[in-house]
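Participant: Listed in order, the protein sequences are those of chains A and B. Residue 258 in this note's numbering is what sits at position 246 of the first sequence, and the numbering runs on without skipping anything. Residue 298 in this note's numbering is what sits at position 286 of the second sequence, and the numbering runs on without skipping anything.
Read the hints as simulated data drawn from the structure, not as lab findings. Note that this is a predicted model, so its numbers are computed, not measured. Incorrect hints may have been included.
Same chains, same label: a pair holds when it works inside one copy or across any pair of copies.
Derived pair list, reagent style DSSO-like, types lysine-lysine, alpha-carbon separation capped at 30 Å [said to hold, decoys possible]:
{"#": "1", "residue 1": "K110", "residue 2": "K201"}
{"#": "2", "residue 1": "K278", "residue 2": "K106"}
{"#": "3", "residue 1": "K248", "residue 2": "K47"}
Protein chains: 2
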Amino acid sequence: MQIKSSFNKIDNVVISGGTHGNEATGVYLIEEWEKDCSFLKRNSFETDFFCSNPRAVDLNLRYTETDLNRCFLDKDLEDESAVSYEELLAYKIKNNLKKNYAGKTTLLVDMHTTTSNMGINIMCDDEAPNLLLAAMVKHRLPEVHVYCIKKSDRTDSCLRSSGTYGIGIEVGPIPQGILRHDVVESMRKAVAAVLDIAHEINTGGADETPFSIEYFSHIAEVAYPDGPFGDAMIHKDLEGRDYEILHPGDNIFYGAECGNIQYEGKEEVHPVFINEAAYYEKGLAFSTVKKEHREFKLLK
Amino acid sequence: MQIKSSFNKIDNVVISGGTHGNEATGVYLIEEWEKDCSFLKRNSFETDFFCSNPRAVDLNLRYTETDLNRCFLDKDLEDESAVSYEELLAYKIKNNLKKNYAGKTTLLVDMHTTTSNMGINIMCDDEAPNLLLAAMVKHRLPEVHVYCIKKSDRTDSCLRSSGTYGIGIEVGPIPQGILRHDVVESMRKAVAAVLDIAHEINTGGADETPFSIEYFSHIAEVAYPDGPFGDAMIHKDLEGRDYEILHPGDNIFYGAECGNIQYEGKEEVHPVFINEAAYYEKGLAFSTVKKEHREFKLLK
Chain A
13 MQIKSSFNKI DNVVISGGTH GNEATGVYLI EEWEKDCSFL KRNSFETDFF
63 CSNPRAVDLN LRYTETDLNR CFLDKDLEDE SAVSYEELLA YKIKNNLKKN
113 YAGKTTLLVD MHTTTSNMGI NIMCDDEAPN LLLAAMVKHR LPEVHVYCIK
163 KSDRTDSCLR SSGTYGIGIE VGPIPQGILR HDVVESMRKA VAAVLDIAHE
213 INTGGADETP FSIEYFSHIA EVAYPDGPFG DAMIHKDLEG RDYEILHPGD
263 NIFYGAECGN IQYEGKEEVH PVFINEAAYY EKGLAFSTVK KEHREFKLLK
Chain B
13 MQIKSSFNKI DNVVISGGTH GNEATGVYLI EEWEKDCSFL KRNSFETDFF
63 CSNPRAVDLN LRYTETDLNR CFLDKDLEDE SAVSYEELLA YKIKNNLKKN
113 YAGKTTLLVD MHTTTSNMGI NIMCDDEAPN LLLAAMVKHR LPEVHVYCIK
163 KSDRTDSCLR SSGTYGIGIE VGPIPQGILR HDVVESMRKA VAAVLDIAHE
213 INTGGADETP FSIEYFSHIA EVAYPDGPFG DAMIHKDLEG RDYEILHPGD
263 NIFYGAECGN IQYEGKEEVH PVFINEAAYY EKGLAFSTVK KEHREFKLLK
């Protein structure tokens, strides 16, 4: 079945970085664009950008109290008792977006990095315009992975859900708190592709011929067998093999006490976010995704 | 000229991890050995181990107030006004070591990791027994790099200087706060080699035939041209090329504003600690070392 969608005319692209304060790449680009934003200029829309959690950036921490990128669910924003630092920050960001873009169609692009060996990823929910936009990025940049998560409270809690349309760009591997020239270039390339596509959609320049691409849809998170900071770690056979095939019986964990532990799933999956530093505190070792192959079509 | 040394009989090997609280590999091994330390047992000496900064480990931070591994200089320990958390911790660690090993010959081994692509490194000062010990490790494990820093207040401020003999083991690349199975194995292999060599020295089993190896001696630290967190980052041509040759004129920095910046040194050097996360706050981009080649001999 074809995935097809049209788009409203996009009035504003809003790019955020520093949603996780120790992911330096987006923060660097925001600072770069504050000095010279000609890179972002397209004639058919305005492009704005902002550093979403400057306090966490200053502290070189993912967040100060709670993960900002899980605070944007409407019912949480409306919860009057939700007054942690990041909950307050999310409330203010959301209201600023509403005020600044009242009546406008916005595309929100949130820039992230991962310690996992995942390359360039477009993160999106499975709403047709978002998934189509992600697919159009991959169609233009074949090295990109499209990582689709079913629309849910989980996806709606992300900053990117605050736009009319929203995608995340996730680049890795890179340690937290570090800048890498190649990762900055990858992020810039992905941002440029998104801007070019938005402009072509707006101006009728985008190709309406159906095209087929593969993408990955989220299945599940896989926890360490003994909780966070236990004996088990990612097995060296799995380390760095994001998006490769994981077969039942393959080694996934190793520990001095637990020895080698194998994947007990019933079918082949693709592991992602393997050994992501930010997920240790949650006890999450990696996620699994399923490869999909679909035809996409942009409607007028 | 030959570098030669004898050793006193080593009574105790003391292994520390967690001197930097976000270097998880050493912390993991200390916890492993707390459950089963048979891996460390050699008949000619006792092996002890300890987690040196458990508070920083709990917080997943390099340190809480100041770098513990710069606090061990005698004159700083004697400074009655030095009462930051890590200065107090260093004072107590040093006194514990004095009390527990009074009259004993100790070999202190401090386990570290780096975000730089440096492989397995034995860090030492240029005191003959320490450099010879490091050379013997490389002679046994050719993949090891020996990284020698001239004995100075800098080397004496390190925890490893608190033993009769002292070396550091530094393994990378690995992000801060992360465990990698392969890095745990590298660290274990290096620790085992040090223990085996100490045992052979003690029991007369070590080969006294002179041997030649290459090692690297520290020249200088190279700062970012615009201070910490400025526009310049490590150029992609340099990233990950630790221990390779850096020629005058090679690209070392890139920034959106500053463009490409070249190495202006007069001679070839070898860059190390390239893009080490912990050195951002000091504004240090990498260090340079010089390749040396010498003959070593263990004296009876």
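Participant: Does each hint fit the structure? Answer for all of them.
Facilitator: Against the structure, the hints come out as follows:
no., hint, in the structure
1, K110 to K201, "within (28 Å within a copy, 57 Å between copies)"
2, K278 to K106, "neither (42 Å within a copy, 54 Å between copies)"
3, K248 to K47, "between (43 Å within a copy, 22 Å between copies)"
Violated hint for the displayed structure: number 2, the only one.
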